[in-house]
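Taken in sequence, the protein lines are chains A and B. Start counting the first sequence at 1; every next residue gets the next number (our numbering). Start counting the second sequence at 149; every next residue gets the next number (our numbering).
Careful: at least some of the hints might be erroneous.
[What the hints assert, rightly or not] Incomplete in silico selection of chain B near chain A, CB under 7 Å: (1) Ala251; (2) Ile344; (3) Leu346; (4) Arg381; (5) Tyr387; (6) Ser408; (7) Leu413.
[Said to hold, decoys possible] Listing some non-contacts, in silico: residues in chain A with all C-beta distances to chain B over 10 Å: (8) Val67; (9) Glu93; (10) Gly104; (11) Glu105; (12) Ala106; (13) Glu108; (14) Ser121; (15) Leu138; (16) Val142.
If you're looking for bench data, these hints aren't it; they were derived computationally from the structure. Even glycine gets a Cβ: it sits at the ideal position worked out from N, Cα and C.
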Amino acid sequence: MGGSRQGNEEGGGQSGADAGDAAAQPPSRLEWIVAALGLLLVASALGLLLYEAVTGDGGPPDLSVTVRDTLTMDDHYLVRVALRNEGDATAAEVQVEGELLRDGEATETSAITIDFVPAQSQRQAGLIFRLDPAAHELRLRVLGYSEP
Amino acid sequence: MSAGSGVARAKSAETDEEARRFRLGLARAYGGAVIFALPVMMTMELWWLGFYMNRWRLLVYILAVVPLLVGLSRLSGIRETYRWRDDVIDALVAISVGATSSAAVLMLMSIIGSGMTTDEVVGKIALQSLPAAIGALVAQSEFGSQSEEEERRKQESGYAGELFLMLVGAIYLGLTVAPTEEMILIAYRMSDWHAIALLLASLLAMHAIVYAVEFRGQAAMPGDVSAFRVFLRFTVVGYAIVLLASLYMLWVFGRTDGVSPHEVLAAAVVLGLPGSLGAAAARLII
Numbered sequence: 001m002g003g004s005r006q007g008n009e010e011g012g013g014q015s016g017a018d019a020g021d022a023a024a025q026p027p028s029r030l031e032w033i034v035a036a037l038g039l040l041l042v043a044s045a046l047g048l049l050l051y052e053a054v055t056g057d058g059g060p061p062d063l064s065v066t067v068r069d070t071l072t073m074d075d076h077y078l079v080r081v082a083l084r085n086e087g088d089a090t091a092a093e094v095q096v097e098g099e100l101l102r103d104g105e106a107t108e109t110s111a112i113t114i115d116f117v118p119a120q121s122q123r124q125a126g127l128i129f130r131l132d133p134a135a136h137e138l139r140l141r142v143l144g145y146s147e148p
Numbered sequence: 149m150s151a152g153s154g155v156a157r158a159k160s161a162e163t164d165e166e167a168r169r170f171r172l173g174l175a176r177a178y179g180g181a182v183i184f185a186l187p188v189m190m191t192m193e194l195w196w197l198g199f200y201m202n203r204w205r206l207l208v209y210i211l212a213v214v215p216l217l218v219g220l221s222r223l224s225g226i227r228e229t230y231r232w233r234d235d236v237i238d239a240l241v242a243i244s245v246g247a248t249s250s251a252a253v254l255m256l257m258s259i260i261g262s263g264m265t266t267d268e269v270v271g272k273i274a275l276q277s278l279p280a281a282i283g284a285l286v287a288q289s290e291f292g293s294q295s296e297e298e299e300r301r302k303q304e305s306g307y308a309g310e311l312f313l314m315l316v317g318a319i320y321l322g323l324t325v326a327p328t329e330e331m332i333l334i335a336y337r338m339s340d341w342h343a344i345a346l347l348l349a350s351l352l353a354m355h356a357i358v359y360a361v362e363f364r365g366q367a368a369m370p371g372d373v374s375a376f377r378v379f380l381r382f383t384v385v386g387y388a389i390v391l392l393a394s395l396y397m398l399w400v401f402g403r404t405d406g407v408s409p410h411e412v413l414a415a416a417v418v419l420g421l422p423g424s425l426g427a428a429a430a431r432l433i434i
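Looking at chain B on its own, in the form it has when it is part of the complex:
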């Protein structure tokens, strides 16, 4: 922090510094939004969903992401936040960054333009702006340096914080493939034994990454009891979260309507592969 002599000078220097940091954070946010959301914006299923997605489902999609953004802002975010109110504001800033960057890119690529109904344009922008908003908030840790306060808050967030980070990681990686046709094609083509193998492989990969990330700095997996406990509390619970997040994404993008639970589960396991890798590596990404 700046150390000016004289209270007035120090104060104005502080606000200048804060404004500068916010602008820097905003620039990083735009960068993160575009970098993360660009593959999503170039996915045709999301353009189609823009005009055929059930509007109630779109509303759920938008509303459900807000708490996610608020929580992310607490642990990462565009700037340091001290009260929950600031996190809500940050989440809204992220949404506006997401919406404006999506609109700009979609217009640039002629995915939205004149001759389309307002409904279609709004739908397309709304769909793309959410991954962009997540990208905006994650940008801080990708490009910037996290403040000590935020690092400390991450460490102290405890078990719930760990689970939340896993959820964000699962959605972060899963969102890029969830709406695509390739994803359900894989699910429809593979046999049940493939699905079982995929589920077990996801669990194994998650456990390996969680162990490597969580216990770096410690010599060995400390004792059998702890190993089992780590598996249960982080890997299994983490994978359960990944499955739930996958089911949610499948539902939102209309991949569950009229489909048998068995096929939906297969699709969730397929989507759970990038999801579980994202969840396990969340601490590294976010």
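Same shape as in the complex, but just chain A:
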């Protein structure tokens, strides 16, 4: 307990109730375990970021959209979609369009804009149609995005 006070000549440490006491006492076993866990967590975080920094290709967003399910609501049909970004960059203001086709002709179109789709992540949204998607061919497209 005296070790940490040996360097103090100026007598500024006379306030005995100083918080330095907490650090001055020899650490118990539990403290070492806590310190080890803390070090592990911070080192892992740093390691993961370093790994991504070095191996990431820094390429553009790679967006794709798939249907999750189609629900029949009171006065419309809801097509729930999942938007996936496999790329290394975040896409903002992503526009998704869904078309209902009959004999190759688009009979209804619906679109949504999603705020952010981060890298390697996915977002969920819904498209609303008046006509029954089951009676048509449904085509989903991602139209574009902006860089955040």
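Chain B: place on chain A using the hints.
Chain B alone, transformed into the frame defined by chain A:
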């Protein structure tokens, strides 16, 4: 303490004094609640979360803060507390102060009002009342004078107490920015090298502040062994706590759903900047 002659007079004077101090403490609590929580109450993401936040998550959010408030009450609080039971009561008082002040301010600014479902109103008040409750408990040290008993308890709380104060500091500063869009925008825009630099800068800033606060009054950093020990036990562990607190806040406000671990980590490091400053300076704030 009052020194009346005659036991009965002394006793009633004591209870009067205690009641007066409680009222004073309550007034300070309301002040602290509004001052701390006002920026939070004027953040639109928290209004939206009021109606779209998953109710189970909201429950976790509410329940998780209670032990935090109890611990805070032990070290700070509205009035002197001698038993754990008193701290629990103080925590509940803080929550009610938080809830009533939030409801009043939200109504004043027309963020809650007629025409909204009960669910939405309750959600909005619940979300705002927790930062307000923390503000209520911290108010005592901000505005009032801490009793000797509390000062002593703080000094003697040891390592666990230090870590707890760091946690509270991290949440205190982090809560104001955690739900905002700007925070994830920063995370999404920056490169991994930025994130690494931010992490190291946070560690450095924390260490500088922790050293300045912990060792004030001592001439120099006492010896190499101790310096390393301080870094490990306070700065590194403190930053680990900050990261965990950031991850928790991100999860509670729905910023982790469907997002890759890498992006979540980047957001946690961004949130960790105010968090680590709050943690390091906790001894000064709380």
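Each hint, compared with the structure:
no., hint, verdict
1, Ala251, "violated (30 Å)"
2, Ile344, "holds (5 Å)"
3, Leu346, "violated (9 Å)"
4, Arg381, "holds (5 Å)"
5, Tyr387, "holds (5 Å)"
6, Ser408, "holds (4 Å)"
7, Leu413, "holds (6 Å)"
8, Val67, "holds (16 Å)"
9, Glu93, "holds (12 Å)"
10, Gly104, "holds (34 Å)"
11, Glu105, "holds (35 Å)"
12, Ala106, "holds (30 Å)"
13, Glu108, "holds (28 Å)"
14, Ser121, "violated (4 Å)"
15, Leu138, "holds (22 Å)"
16, Val142, "holds (16 Å)"
In this structure, the earlier hints numbered 1, 3 and 14 are contradicted, and the remaining ones agree with it.
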